[in-house]
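Novice: Dock chain E against the given chain L, drawing on the hints supplied.
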Amino acid sequence: MSSTAGKSRTIKVDCLARVEGEGALFVKMKGDRVTDVKFTIYEPPRLFEAFLRGRHFSEVPDIVARICGICPIAYQMSAVHAIERALGVRIDPAIRMLRRLFYCGEWIESHALHIFMLHAPDFLGYPDAIQMARDYRGVVEQALRLKKIGNRIVTVMGGREIHPVSVAVGGFYRVPARSELSPLLEDLKWALDASLQSVRLVAGFEFPDFEQPYEFVALSHPDEYPFNEGRLASNKGLDIDVAEYEEHFLEQHVKHSNALQSVLRARGSYMVGPLARFNLNFARLPEVAQQAARDSGLSVPCNNPFRSIIVRAVELVFACWEAIRVIEAYEPPAAPRAAISMHAGTGCAVTEAPRGLLYHRYRIDDEGLVQFAKIVPPTSQNQKRMEEDLWQFVPQLATRPTDEVTWKCEQALRNYDPCISCATHFLRVHIERE
Amino acid sequence: MNSNGRKKPKIAVFKFASCDGCQLSLLDAEDELLAVAGVVEIAYFPEASRSMAKGPYDVGLVEGSITTHHDAERIQQVRRQCHKLVTIGACATAGGIQALRNSRDIDEFIRVVYATPQYISTLKLSTPIAEHVPVDFELRGCPINKAQLIELISATLAGRKPNIPTYSVCMECKRRANVCIAVAEGIACLGPVTQAGCGAICPSFNRGCYGCYGPMESPNTASLVEQFRILGQSDPQIARAFRGFNAWAWQFRKASEECERHE
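Heads up: the sequence lines are chains L and E, in that order.
Numbering (the numbering used here) for the first sequence: 254 to 687.
Numbering (the numbering used here) for the second sequence: 20 to 282.
Extracted from the complex, chain L is given alone in its bound form:
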């Protein structure tokens, strides 16, 4: 019998590390029972939806990028697609492909960062990737090079890695010439190989025996692994047009958090992100990514959130493969962006940020000024499910020392690659054992 049996304890993490933004975790236990879990986002509110009102639609992609320094492209993509729907703008097929390539760059950069610098140290027992590099120098160097290749795509297409400047409603301010993209191919072929190695490496980590009956929600497209288009689907029967999002999802404001929590009106919490995309869209992955998943022991459905690190690596394989495909087939569009005829309108869009789906809706007046904006980031959507994971996971840890419980709780949250600045437009960990 462990000394912790029957005792009450509080597990607190005041500043959750290796996540984007500021959040805290508070878990209260009595013996092996969990009596309270609170996931607090204390990141200060920044009130984007309020100050977007009165801005011209053309300014929106640059402003919303600043919600998140890790996934600015996701914000730009959801914004332009929503505004294009509001204004009835049709984009050139070549622009559509360039936007997929741009998103590949962000997925490669963000997934390489999360897999190796934020999540892998938990599995290998290091506080961070820099300490990890003392024993795994080659792995960290390879991760940095992968990350850099993702950033390179973004820089070539958008001028800089963070808050790129090229995205415009209707297309881009400037599109790359073939000769600017083709030099990326050699690096991307290396990156595809490094991604396959990454899948093998992370598949060898030890995973807690933990599965949950998740409702996975992601975009689903008949022909492609989703970025910007498709219907909203789940493994529990959801199959709706993006325009119906707000009829099916509800944002709740809870006292302990500066982020709104999103739930499915019919069934409560749900999960978005790589695991959801993988489970719903496995058949649309290219064969090389499917084979890497099968070889690593992944099968659909995967209900163990700790294995999301393998899924992220499989998505790295996909993103490198897709980037190569787009570049090899690239023919520049006739014009960098579509002409826009101004009229009032409302439009919404969902795109797949690296950490899950991102919903935007705008109402625009006949002068092109935003009258209303609504943004639902992935971490708001995962937040309730993250708390529920802890309710279910912590009892497994009841006999373990508090330090270990704390670390495992952090790791369970990092499964979601939470992006807290996004969620507040969230994490401190407190574990209380009385």
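Worth double-checking, as some hints may not be accurate.
Pulled from the structure, derived: some chain L residues nowhere near chain E, Cβ distances all over 12 Å [said to hold, decoys possible]:
(1) Thr263
(2) Glu459
(3) Glu464
(4) Ala536
(5) Asn556
(6) Val579
Pairs of lysine to any residue residues, derived as SDA-like cross-links and limited to a Cα-Cα distance of at most 20 Å, are as follows [to be verified]:
(7) L:Lys265 <-> E:Ala72
(8) E:Lys143 <-> L:Phe301
(9) L:Lys265 <-> E:His89
(10) E:Lys27 <-> E:Arg179
(11) E:Lys273 <-> E:Pro255
(12) E:Lys27 <-> L:Arg387
(13) L:Lys401 <-> E:Ala56
(14) E:Lys73 <-> L:Cys268
(15) L:Lys508 <-> E:Leu142
(16) L:Lys291 <-> L:Thr655
(17) E:Lys103 <-> E:Phe156
Quick list of simulated restraints, FRET-style, between CB atoms [what the hints assert, rightly or not]:
(18) E:Glu276 <-> L:Leu377: 50 to 56 Å
(19) E:Ala54 <-> L:Thr408: 18 to 24 Å
(20) E:Arg130 <-> L:Glu439: 51 to 57 Å
(21) L:Arg349 <-> E:Val202: 33 to 39 Å
(22) L:Pro654 <-> E:Ser173: 39 to 45 Å
(23) E:Ala196 <-> L:Lys265: 55 to 61 Å
(24) E:Asp124 <-> L:Ala597: 24 to 30 Å
(25) E:Arg93 <-> L:Leu503: 32 to 38 Å
(26) L:Glu500 <-> E:Arg130: 22 to 28 Å
(27) L:Ala536 <-> E:Asp50: 34 to 40 Å
Just so you know, these hints were derived from the structure itself, not from any lab.
Remember, it's a predicted structure, so these values are computed and weren't measured experimentally.
Backbone N, C-alpha and C fix where the C-beta goes; we use that ideal spot for every residue, glycine too.
Specialist: Frame of chain L; chain E shown alone:
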């Protein structure tokens, strides 16, 4: 310890209201990161590590603006722990995009975003770090330029002034041999009043500079406003142009307020 047996200087990274992009620039310095980690001790950097060493620190890098009572107190503690304190990015240096609340009704703003406004605690103003504590250097940009960040860290540790130019974006356009988009195409561009550092990327992408590095050393905003009017921009349009990521920097604030009065 480093190879000559001296203690490595301790660096800490603190976050206030921000998007995390500026501190991410340190992790985005893929070619330099392991080398930097070899010569300094990254003692406190929660975004990258769960090991958080206590202060004091030799250099504190501060990202984000002050928007809550709690943060207004925390920055005082941070200042006491840091021998040198430098701010990184437009939020820490000018209040950031969230300073757009400063000229508006904050209670109305919170009601727009949150169903239960009484759960939210925030200040009326989003303010730069230097309005709260003495700051040793302010690095501009939304986001910062990672090469300037490495230069700033190196210079601060060496005790010299960082080589960060304060001239305008126009100089960088000239160096890139860009044709001036304002002159040649009549595109409204904030380049003449904005500090260099980005590498003039917006004009290189066929669009006007949107001022994300903030005002240059001595910006002639009045003259640029006149030029914008000649290009056919309305006063509300010009006011919005100055109300971006450095809206609370006083030179840009003054320009936008004048355009508003002129409407």
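Novice: Look at each hint and say if it fits the structure.
Specialist: Status of the hints after comparison with the structure:
1. Thr263: Nearest chain E Cβ is 19 Å from Thr263 of chain L, so the label holds.
2. Glu459: 19 Å, holds
3. Glu464: At roughly 26 Å from the nearest Cβ of chain E, Glu464 of chain L sits farther out than 12 Å, so the non-interface label holds.
4. Ala536: Label holds. Min Cβ-Cβ 34 Å, cutoff 12 Å.
5. Asn556: Given a closest Cβ separation of 27 Å, the condition holds.
6. Val579: 20 Å, holds
7. L:Lys265 <-> E:Ala72: Since the Cα atoms of Lys265 of chain L and Ala72 of chain E sit roughly 18 Å apart, the hinted pair holds (cutoff 20 Å).
8. E:Lys143 <-> L:Phe301: Measuring from Cα to Cα gives roughly 15 Å; hence the hint holds.
9. L:Lys265 <-> E:His89: Status holds; Cα separation ~19 Å.
10. E:Lys27 <-> E:Arg179: Between Lys27 of chain E and Arg179 of chain E the Cα gap is close to 18 Å, so the pair holds against 20 Å.
11. E:Lys273 <-> E:Pro255: Holds. Lys273 of chain E to Pro255 of chain E sits at ~14 Å (cutoff 20 Å).
12. E:Lys27 <-> L:Arg387: Holds, because 17 Å separates the two Cα atoms, which is no more than 20 Å.
13. L:Lys401 <-> E:Ala56: Distance of about 18 Å is within 20 Å: holds.
14. E:Lys73 <-> L:Cys268: Holds. Lys73 of chain E to Cys268 of chain L sits at ~14 Å (cutoff 20 Å).
15. L:Lys508 <-> E:Leu142: 18 Å, holds
16. L:Lys291 <-> L:Thr655: 17 Å, holds
17. E:Lys103 <-> E:Phe156: 9 Å, holds
18. E:Glu276 <-> L:Leu377: 50 to 56 Å: 54 Å, holds
19. E:Ala54 <-> L:Thr408: 18 to 24 Å: Check passed, 21 Å falls within 18 to 24 Å.
20. E:Arg130 <-> L:Glu439: 51 to 57 Å: Hint holds: Cβ distance 54 Å, inside 51 to 57 Å.
21. L:Arg349 <-> E:Val202: 33 to 39 Å: Since Arg349 of chain L and Val202 of chain E have Cβ atoms about 34 Å apart, the given range 33 to 39 Å holds.
22. L:Pro654 <-> E:Ser173: 39 to 45 Å: 42 Å, holds
23. E:Ala196 <-> L:Lys265: 55 to 61 Å: Hint holds: Cβ distance 57 Å, inside 55 to 61 Å.
24. E:Asp124 <-> L:Ala597: 24 to 30 Å: 25 Å, holds
25. E:Arg93 <-> L:Leu503: 32 to 38 Å: 34 Å, holds
26. L:Glu500 <-> E:Arg130: 22 to 28 Å: This hint holds: roughly 24 Å between Cβ atoms.
27. L:Ala536 <-> E:Asp50: 34 to 40 Å: Between Ala536 of chain L and Asp50 of chain E, where Cβ atoms are some 39 Å apart, the hint holds.
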